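2 protein chains.
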Amino acid sequence: MGIIVQKFGGSSVADAAGVKRVAQRIVNTKKQGHNVVVVVSAMGDTTDELIDLANEVSPLPPARELDMLLTAGERISMAVLSMAINDLGHDARSFTGSQAGVITDAEHGRAKIIDVSPGRIEAAISEGAIAIVAGFQGVSQTTKDITTLGRGGSDTTAVALAVALKADVCEIYSDVDGIFTADPRIEPRARKIPRISYEETLEMAAQGAKILHLRCVEYARRYNMPIHVRSSFSEKEGTWVVNAEDVAQESTDKENTVEEAIITGVAHDRSQAKITVVGVPDKVGEAAAIFRALADAAINLDMIVQNVSAATTGLTDISFTLPRTQGQVAMGALAKLQGEVGYDKVLYDDGVGKVSIVGAGMSSAPGISARFFESLSAAGVNIEMISTSEIRVSVVVAEPQVEAAVNAAHAAFGLGSDEVEAVVYGGTGR
Amino acid sequence: MGIIVQKFGGSSVADAAGVKRVAQRIVNTKKQGHNVVVVVSAMGDTTDELIDLANEVSPLPPARELDMLLTAGERISMAVLSMAINDLGHDARSFTGSQAGVITDAEHGRAKIIDVSPGRIEAAISEGAIAIVAGFQGVSQTTKDITTLGRGGSDTTAVALAVALKADVCEIYSDVDGIFTADPRIEPRARKIPRISYEETLEMAAQGAKILHLRCVEYARRYNMPIHVRSSFSEKEGTWVVNAEDVAQESTDKENTVEEAIITGVAHDRSQAKITVVGVPDKVGEAAAIFRALADAAINLDMIVQNVSAATTGLTDISFTLPRTQGQVAMGALAKLQGEVGYDKVLYDDGVGKVSIVGAGMSSAPGISARFFESLSAAGVNIEMISTSEIRVSVVVAEPQVEAAVNAAHAAFGLGSDEVEAVVYGGTGR
Numbered sequence: 020m021g022i023i024v025q026k027f028g029g030s031s032v033a034d035a036a037g038v039k040r041v042a043q044r045i046v047n048t049k050k051q052g053h054n055v056v057v058v059v060s061a062m063g064d065t066t067d068e069l070i071d072l073a074n075e076v077s078p079l080p081p082a083r084e085l086d087m088l089l090t091a092g093e094r095i096s097m098a099v100l101s102m103a104i105n106d107l108g109h110d111a112r113s114f115t116g117s118q119a120g121v122i123t124d125a126e127h128g129r130a131k132i133i134d135v136s137p138g139r140i141e142a143a144i145s146e147g148a149i150a151i152v153a154g155f156q157g158v159s160q161t162t163k164d165i166t167t168l169g170r171g172g173s174d175t176t177a178v179a180l181a182v183a184l185k186a187d188v189c190e191i192y193s194d195v196d197g198i199f200t201a202d203p204r205i206e207p208r209a210r211k212i213p214r215i216s217y218e219e220t221l222e223m224a225a226q227g228a229k230i231l232h233l234r235c236v237e238y239a240r241r242y243n244m245p246i247h248v249r250s251s252f253s254e255k256e257g258t259w260v261v262n263a264e265d266v267a268q269e270s271t272d273k274e275n276t277v278e279e280a281i282i283t284g285v286a287h288d289r290s291q292a293k294i295t296v297v298g299v300p301d302k303v304g305e306a307a308a309i310f311r312a313l314a315d316a317a318i319n320l321d322m323i324v325q326n327v328s329a330a331t332t333g334l335t336d337i338s339f340t341l342p343r344t345q346g347q348v349a350m351g352a353l354a355k356l357q358g359e360v361g362y363d364k365v366l367y368d369d370g371v372g373k374v375s376i377v378g379a380g381m382s383s384a385p386g387i388s389a390r391f392f393e394s395l396s397a398a399g400v401n402i403e404m405i406s407t408s409e410i411r412v413s414v415v416v417a418e419p420q421v422e423a424a425v426n427a428a429h430a431a432f433g434l435g436s437d438e439v440e441a442v443v444y445g446g447t448g449r
Numbered sequence: 020m021g022i023i024v025q026k027f028g029g030s031s032v033a034d035a036a037g038v039k040r041v042a043q044r045i046v047n048t049k050k051q052g053h054n055v056v057v058v059v060s061a062m063g064d065t066t067d068e069l070i071d072l073a074n075e076v077s078p079l080p081p082a083r084e085l086d087m088l089l090t091a092g093e094r095i096s097m098a099v100l101s102m103a104i105n106d107l108g109h110d111a112r113s114f115t116g117s118q119a120g121v122i123t124d125a126e127h128g129r130a131k132i133i134d135v136s137p138g139r140i141e142a143a144i145s146e147g148a149i150a151i152v153a154g155f156q157g158v159s160q161t162t163k164d165i166t167t168l169g170r171g172g173s174d175t176t177a178v179a180l181a182v183a184l185k186a187d188v189c190e191i192y193s194d195v196d197g198i199f200t201a202d203p204r205i206e207p208r209a210r211k212i213p214r215i216s217y218e219e220t221l222e223m224a225a226q227g228a229k230i231l232h233l234r235c236v237e238y239a240r241r242y243n244m245p246i247h248v249r250s251s252f253s254e255k256e257g258t259w260v261v262n263a264e265d266v267a268q269e270s271t272d273k274e275n276t277v278e279e280a281i282i283t284g285v286a287h288d289r290s291q292a293k294i295t296v297v298g299v300p301d302k303v304g305e306a307a308a309i310f311r312a313l314a315d316a317a318i319n320l321d322m323i324v325q326n327v328s329a330a331t332t333g334l335t336d337i338s339f340t341l342p343r344t345q346g347q348v349a350m351g352a353l354a355k356l357q358g359e360v361g362y363d364k365v366l367y368d369d370g371v372g373k374v375s376i377v378g379a380g381m382s383s384a385p386g387i388s389a390r391f392f393e394s395l396s397a398a399g400v401n402i403e404m405i406s407t408s409e410i411r412v413s414v415v416v417a418e419p420q421v422e423a424a425v426n427a428a429h430a431a432f433g434l435g436s437d438e439v440e441a442v443v444y445g446g447t448g449r
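Quick note, the sequences are listed as chains A and B, same order.
Numbers in this note's numbering are just positions in the first sequence, counted from 1, shifted up by 19.
Numbers in this note's numbering are just positions in the second sequence, counted from 1, shifted up by 19.
Think of the hints as simulated: they come from the structure by calculation, not from any bench.
Among these hints, one or two may not hold up.
Estimated spans, in silico, between C-beta atoms of each pair [unchecked claim]: (1) THR48/B <-> ARG343/A: 40 to 50 Å; (2) LYS229/A <-> GLY351/B: 25 to 35 Å; (3) ASN262/B <-> LYS131/A: 25 to 35 Å; (4) ALA316/A <-> GLY147/B: 53 to 63 Å; (5) ASP71/B <-> LYS131/A: 43 to 53 Å; (6) GLY351/B <-> ALA36/A: 34 to 44 Å; (7) ILE70/B <-> THR48/A: 26 to 36 Å; (8) GLY351/B <-> GLY108/A: 27 to 37 Å; (9) LEU79/A <-> ALA125/B: 32 to 42 Å; (10) GLY351/B <-> MET20/A: 27 to 37 Å; (11) GLY108/A <-> GLN51/B: 28 to 38 Å; (12) TYR242/B <-> ASP187/A: 30 to 40 Å.
Footprint (simulated), chain A over chain B, 3 or more residues, beta carbon under 8 Å [claimed, not checked]: (13) 101-112; (14) 243-253.
Everything numeric in this text was worked out from a predicted model, so none of it was measured.
Even glycine gets a Cβ: it sits at the ideal position worked out from N, Cα and C.
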């Protein structure tokens, strides 16, 4: 009998009604003849409420104690979910991350899983029980202290457990039906993607699509664990995240056109800002000094563009994007540098957005960038910056033009369905 | 350097302000040169709220899962308290019952402590840290599942840890100043008792004085661990619960009068009901059948009185008291028995109260019962039932007369202070 790992997020178990609905869903899977292991996040806003409580007593709580506090959230949700399943007449047992054998390093707040020893989970399912495991948490191998994996860590818990248990699939439930060719809120013709590769999912996630967390997809890719992204509010098939060969096989099976395979989706991101350092002397070490200063300030840079220096002045401009939340810190770090580097000025712009096309077929298909840029041009969208990877082309545009850019790219690569897809959203408004 | 174990109840840490106040108090003790180990209950009404949540998803949640759920309460309070202490510049580390080495049997919801192996606590305090331990919880020796000790279990956790750590004292903090000669809410002249024996404390608690939980006092008595009952809202000395020899020594030191030593306090209890089975045939086995039926229904009987049978009828009446909450169940069990035993009728009365005088010196002092009953008579209080132990005399009276009975007994044995004691209560209104 195969094992299915199912992960339910906080919005799916936000209240007693949600817990009961999820419990019924889990029982249905069990009745279909599967061994079921469930990973659950804290109910609704519990984690935020616990953080608020911590801040009431201490402006900077110790990370060890914050982890101890936050793990109370999953302890509540897993016990309540287990009760609801038992109430439906099925044996269910809840386990903390530590009890489930989720062994991590000692980095509180962002611990990495270094081993999973799910002996108690295997024992529970071999006795016919449904195992409910707390997401997001583990226990340090060295200190034996309770750790958390950071936000989104429950997805990673689910994949790691699925790998350790040799599960058939890891199902990640949320309040949307799967991964779409674009955000359905701004692209009404967005289609649900039936299959997508790990690599494309990583690029989509990194470029702003709020689907799966990077770490969880990386973990699944490393161990080739299929992820099925689906909604806890419907029984529909969602999106399968699998390795590239399986996606290609599927496309051949369905005799999809080549064009459909080239671009998988359009992602956008409104969380970034752009900084331009104007008039940097084009000498060895100047750019290095700038990026060293930003690295020392722990700034997460995304796109970086350096123009060719003007022959007459020997000066160049360096632009980069970064999370808006880090804008102040970055500007401060650069200001301290003006004497050393001797640039003219620094420009800060948080009225930008990034739009990316992602597709595994892109690298072998010529003219993709051209078609993308032409579609933007036809829609009157001005490109401010460009960057590319093997399977992605990203542009920075003015924020008010993000929607037009997504629509244009979506249409240019034939991603839209003929009819507007009825997207089922849950009640949380997210 | 000696070890002090301090236990703070839920009302002391009901909110962030309470947590900070308690943190300061703990730090003060640490600064006085003690190693400090703290046991904490769940904040305020957390436990009740978690029980409500459980009942929302399941009318009868499995005990294992309920324990998992409820232990989230102390996890929150201990982490937050630890943060507050760290915020005051002192190293504090929180530990679950399991981490603190509280090993129990597998009786979920009412587990018994069978061993305490506080290796991690000893390591923490040897490094100069303050250890914060979750009360009320442990881990089963056999199943490795999380257990709870039942309501009031945090007191027992504190005493058990104090014993295992060979602490100098176990301080139990609440919102009252200590143990009083009577409930100050109905006896304005009640005095705080400076020292009281384990045995007297057990009798006071069993007879309705809401001070310490029986199990915790029994544990302390077995291992001769002094308990200091005091208020978290004041720095005053509270009540020391110690062995009888130490109480006697203290009395001799202070040259107290003999009379003061005879009766320690007056307890009262309004939670009981009285059932009278009228017209029971006075034959071998009739009473046994009644009490077997009640035992099978898990009724906790307290006082039992059987009158001499009337010579003319050969019938007798049997009365007993029991918790009001069990009244319906007991009446149902007795109704089923009428055919077998053949009694006349059963009377149920929940308008009763119990008043008890407790004192270790009682057994060697004649006339105590007489003085007690005379005082009640003089106050116009009618006695419905009487029972006695080595160090206690209890009477059942009509509930509206409980207060008058307490006042009369308190005065008759000279327990009152000359002035009305200024009792300091906390803000919780308990």
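How the hints compare with the structure:
1. THR48/B <-> ARG343/A: 40 to 50 Å: holds, 47 Å
2. LYS229/A <-> GLY351/B: 25 to 35 Å: The hint (25 to 35 Å, Cβ to Cβ) is violated, given that LYS229/A and GLY351/B are roughly 58 Å apart.
3. ASN262/B <-> LYS131/A: 25 to 35 Å: With Cβ atoms ~53 Å apart, the hint is violated.
4. ALA316/A <-> GLY147/B: 53 to 63 Å: Check failed, 34 Å falls outside 53 to 63 Å.
5. ASP71/B <-> LYS131/A: 43 to 53 Å: Once the Cβ atoms are compared, 37 Å apart, the range 43 to 53 Å for LYS131/A and ASP71/B is violated.
6. GLY351/B <-> ALA36/A: 34 to 44 Å: holds, 35 Å
7. ILE70/B <-> THR48/A: 26 to 36 Å: At roughly 29 Å between Cβ atoms, THR48/A and ILE70/B fall inside 26 to 36 Å, so the hint holds.
8. GLY351/B <-> GLY108/A: 27 to 37 Å: Holds - the Cβ-Cβ distance for GLY351/B and GLY108/A, about 28 Å, lies within 27 to 37 Å.
9. LEU79/A <-> ALA125/B: 32 to 42 Å: holds, 40 Å
10. GLY351/B <-> MET20/A: 27 to 37 Å: Given a distance of about 46 Å, which is not inside 27 to 37 Å, the answer is violated.
11. GLY108/A <-> GLN51/B: 28 to 38 Å: Taking Cβ atoms as reference, GLY108/A and GLN51/B lie about 57 Å apart, which means the hint is violated.
12. TYR242/B <-> ASP187/A: 30 to 40 Å: Since TYR242/B and ASP187/A have Cβ atoms about 54 Å apart, the given range 30 to 40 Å is violated.
13. 101-112: Since three or more residues must qualify, the claim that chain A covers the region 101-112 of chain B holds, with 7 doing so at under 8 Å.
14. 243-253: Result for this restraint: violated, n = 0.
Consistency note: the structure conflicts with the earlier hints numbered 2, 3, 4, 5, 10, 11, 12 and 14.
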